[in-house]
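Residue numbers (our numbering), protein chains in the order written: chain A, 161 to 520; chain B, 12 to 318; chain C, 239 to 529.
These are calculated hints, taken from the structure and not from any lab test. Quick caveat, the model's predicted, so the values are computed rather than measured. Check each hint, because a few of them may be wrong.
To be verified - DSS-like mimics (lysine-lysine), calculated; alpha carbons at most 30 angstroms apart, straight line: (1) Lys64/B - Lys363/C; (2) Lys238/B - Lys241/C; (3) Lys290/A - Lys503/C; (4) Lys64/B - Lys373/C; (5) Lys282/C - Lys176/B; (6) Lys161/B - Lys373/C; (7) Lys241/C - Lys125/B; (8) Lys503/C - Lys125/B; (9) Lys274/C - Lys176/B; (10) Lys473/C - Lys161/B; (11) Lys287/C - Lys161/B; (12) Lys328/A - Lys290/A; (13) Lys74/B - Lys363/C; (14) Lys176/B - Lys363/C.
What the hints assert, rightly or not - Label-pair distances were calculated between CB atoms; the ranges are: (15) Phe103/B - Tyr257/C: 23 to 33 angstroms; (16) Leu29/B - Asp326/A: 20 to 30 angstroms; (17) Leu36/B - Thr285/C: 36 to 46 angstroms; (18) Val80/B - Ile378/C: 34 to 44 angstroms; (19) Asn14/B - Ala443/C: 30 to 40 angstroms; (20) Gly340/C - Met281/A: 47 to 57 angstroms; (21) Pro92/B - Leu338/C: 11 to 21 angstroms; (22) Phe87/B - Tyr257/C: 16 to 26 angstroms; (23) Pro285/A - Leu137/B: 58 to 68 angstroms; (24) Leu114/B - Asp326/A: 46 to 56 angstroms.
Stated by the list, open to error - Quick look at which bits of chain A chain C covers, simulated, 3 or more residues with Cβ under 8 angstroms: (25) 260-267; (26) 270-277; (27) 291-300; (28) 324-337.
Positions of the beta carbon are idealized from the N, C-alpha and C atoms, including for glycine.
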Amino acid sequence: MSAGIDLQNVCCDFGNFRAVDNANISIKPGEFFSFLGPSGCGKTTILRMISGFIEPTAGSIKIGGKDMKGQRPNQRPTALIFQNLALFPLMSIWENISFGLEVRGVDKATRRAKAEALLEMVDLPGAADKMVSQLSGGQKQRVAIARALAVEPAVMLLDEPLSALDLKLRQHMRAELRAIQKRTGVTFIYITHDQGEALAMSDRVGVMSQGRIQQVANPRDIYNNPVNGFVASFVGENNIFAGSVNTAAEGMAGFDTALGPFRARLGELAKGGNLKLYVRPEHTILSETAAAENSVPVTVSEVSFEGAFIAVHGKTASGQTIVAELRNDGSATVPEIGTARFAHFNAAHAAILPDSTVGA
Amino acid sequence: MSNMIRRYGAALTLLICLLTAFWLLMLVIMPNITLLESSFRPYLPVTEIGGPKDVYTAANYMKVFNGDVEVSPLGFTFHLPVHVLTFSLTIFYSVVVTLICFLLAYPLAYFMAKILNPRSLPTMFLLLFVPLWVSEVLRAFAWWIILALKGPLSWALVNLHIIDKEVRWITGYNGVMIGLVYTYVLFMIFPVFNAISSLDSNQIEAAEDLGAPWWRIHWRIVLPHAKPGIASGAVMVFMLSAGSLLVPSILGSTTSQWFTQTVQQWMLDALDWNTAAAYAFLLLIMCTLFVSVVMKIFRVKLSDIAN
Amino acid sequence: MYKLRQTLARVYAGAFVFYMLIPLVIMAAAAFNDNKTPSVVPWKGFTWKWFEALWADDRMWHAFQNTLLVALAVALISVIVGTAAAILINSVSGNLRSVLYGTMISTILIPGAVIGISTMIMWTKMGGALFGAEKPFPFIPGLHLSVLGQVSYIAAIVMLLVLARLQSFDQGLEEAALDLGATHGQVMRRILLPHLYPAIGAGAAVAFFQSIENFNVTQFTRGGADTLTVYVFSKVRSGITPTINALALMLICVTLALAIVYEIKRRRSASLEAAREAEARRAAALEEAVI
């Protein structure tokens, strides 16, 4: 039923522009895999190459171990869910869902039964004879999923399908998509620029930038152990310090900056080049007294209330802003603007990473 | 093209290209090339076609300059070849018809676009479309009835004591002009209406707010905005008028002659197809020149006119 | 002052509609006047006899039949060719597109007489070149040449209508269908053409009426055959009776009836669509409440 996908040295050029550069990745059968990156990073091109709308310039794509070279979209065991869903507006819901069966010559009664069963599964019973324009955004979403599932694909490809929904519904549909994926066991390949979506739903995430895959890992590792500055910045906020490594041992390193010496984990790829120290605002602590290490005196310059947390901005003597996030659970006292504090962080929570991307 | 093959497959792409090629080559380009070629051939008996006399010549075009007539517009007297006169008068009266159509259509188009309640618009369109659906020949015929010497117009005016004797309305080019304006004014209304509709009413209100008088609002804001629509309407009305054969034939007087009628006489009465081709080609050139001039003056593209 | 201008505009619009419709009313009314020349004055009494005369006019019926056949043929060919051309224009870009598009729409601006003469000359000359003096069917004058001549510009009108509709088409639908396993033929039949049907239908109607109207092209290509327009024209020139008025009234009634039916259908489908959208909004509100 579900199949794995192997991309080997896949490249894609549009004229002089290299949209995808040497992508190597192996996606396991039944996995929920997300490609995450800003627009223009090549993630949609990868999706369109897997679905067969674009032929790779070089490299090979295998689905279930079978090379897909020369196979047209209608011959591949994939089903694509489009960004705008691309539901057929002139067909009823059940005709939409059973279209893939219709073109395979399945008889009407079977198609109808299958459509009803799929509607049941996506929690839309009784909608079979409605038209697309009668449905809400979330309902259309479900129909699109049912339509893709109807052809029993080995791989489902989803191109930012939730981007048209409003925030609340989007969060609700994340859970539902995940549940459907687990229920059907089909390999899901999900494209998004929303890191929250990718981290919340996926088994593994591939972060992309400028046509290159930067890092492939599970959501925790992507967030906690990013391999470079791009990944660290794309999936969350950071306080960033420029400097250079002086000593390194057992994965930890001393790091000299204009604000004094720091100590932090040394990233795997941090081997020469332009290195910076990254630490997340939620790992940055403000206290009235200086800490033993990684401590910088700051003056509180701005306090912004964000709901679940409070972001406190502190300015160092050199003018750099350091942000610390306090949880809004009453445990921390919020400092007044203008008061002096020490910003510090645990060396295990900070990482020294190359600030350039892979391949740049 | 590769995009097309990807979308529709090779077989369908080929079919689509063949159908379009049939239209453009067999129905448009080839006939016009043949027309041009024929216009340079002499009119010969069947037996001599392909013989030594069948050589290319501009003689057919030269026939335009045969047979002078005396004309005296504004007191000046000229001698003009009769077909040159017909040609010039056709252009002149077509331009006049175009101007009258614009003057009639502009206020109505503005009314429909900016004053009329949008909910009444479908009804208005329905009323205006009725004459458009009735064929041209019947519209000309309707005016033939109205303008007859003892017809309803004379009758009404006599009974209202506006005139005391029936009037012969169809003299000179009067009947032709009346018929052409009535028949083609709708082709001016719709493009001008479309153009004015797309003008943001706030612009008019802003101008009013700044104290502009109504005529200046039209001159400075509405008219410039409606320019593409006016160009499109002007081209349509001019082409249809200059190319009309029905209206000048039905509503023409003994002294009116339209260039298309001259072409028709060569083709169907004299059976001299080659000269007819030459004259038809002159008509085509005249129309092409007019379109180019209008496009230059109004600075619009051909694609704007088609819309 | 403002009010005055508004009132003037209304009066003008009223007068304009009057000007547009009164000739048709007079023409229609003359059909019932018992007077040998078609007119409403002097009124010599009400009669149905011109309708009876029309019914008995074989030449008119023959012309009517010809007109319908020509119009159907023109509508059919124009729709096929115009739709294909619109798809082609929509798929190409750059210079090729400009040249093709320019050639296509320039046909609308070619005078009918030129189209008629050029079509006539080309087909007969081609027949002469291929077969000598004894030319077979498509190469002789006749209504089939009228059809070809009319198609040459009516196809452009259809093309513009279909192209406008194509531009609102989401190419993603084609890709979605391909992705679900449809062949190119199935995509065309099930996805693209259904989307284009409203424009194709409108194109067919416009082509049909344009063809019925056509005089210039027909006049130069018809050979000896009559269409309704040619017939009416010859009647107006050579002694006319109010049978033509009876015919005109019937044509006006038919077109009006068609227009009203069309308008009713349009309103129905608009209200149906509005009801569907209202349902979608309700569903969205419900969804929000449930989450």
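Against the structure, the hints come out as follows:
no., hint, verdict
1, Lys64/B - Lys363/C, "holds, 18 angstroms"
2, Lys238/B - Lys241/C, "holds, 27 angstroms"
3, Lys290/A - Lys503/C, "holds, 20 angstroms"
4, Lys64/B - Lys373/C, "holds, 24 angstroms"
5, Lys282/C - Lys176/B, "holds, 21 angstroms"
6, Lys161/B - Lys373/C, "violated, 50 angstroms"
7, Lys241/C - Lys125/B, "holds, 14 angstroms"
8, Lys503/C - Lys125/B, "holds, 27 angstroms"
9, Lys274/C - Lys176/B, "holds, 23 angstroms"
10, Lys473/C - Lys161/B, "holds, 20 angstroms"
11, Lys287/C - Lys161/B, "holds, 23 angstroms"
12, Lys328/A - Lys290/A, "holds, 25 angstroms"
13, Lys74/B - Lys363/C, "holds, 23 angstroms"
14, Lys176/B - Lys363/C, "violated, 55 angstroms"
15, Phe103/B - Tyr257/C: 23 to 33 angstroms, "holds, 24 angstroms"
16, Leu29/B - Asp326/A: 20 to 30 angstroms, "violated, 49 angstroms"
17, Leu36/B - Thr285/C: 36 to 46 angstroms, "violated, 54 angstroms"
18, Val80/B - Ile378/C: 34 to 44 angstroms, "holds, 38 angstroms"
19, Asn14/B - Ala443/C: 30 to 40 angstroms, "holds, 31 angstroms"
20, Gly340/C - Met281/A: 47 to 57 angstroms, "holds, 53 angstroms"
21, Pro92/B - Leu338/C: 11 to 21 angstroms, "violated, 40 angstroms"
22, Phe87/B - Tyr257/C: 16 to 26 angstroms, "violated, 36 angstroms"
23, Pro285/A - Leu137/B: 58 to 68 angstroms, "violated, 45 angstroms"
24, Leu114/B - Asp326/A: 46 to 56 angstroms, "holds, 53 angstroms"
25, 260-267, "holds (count 4)"
26, 270-277, "violated (count 0)"
27, 291-300, "holds (count 8)"
28, 324-337, "holds (count 3)"
The structure shown violates the earlier hints numbered 6, 14, 16, 17, 21, 22, 23 and 26.
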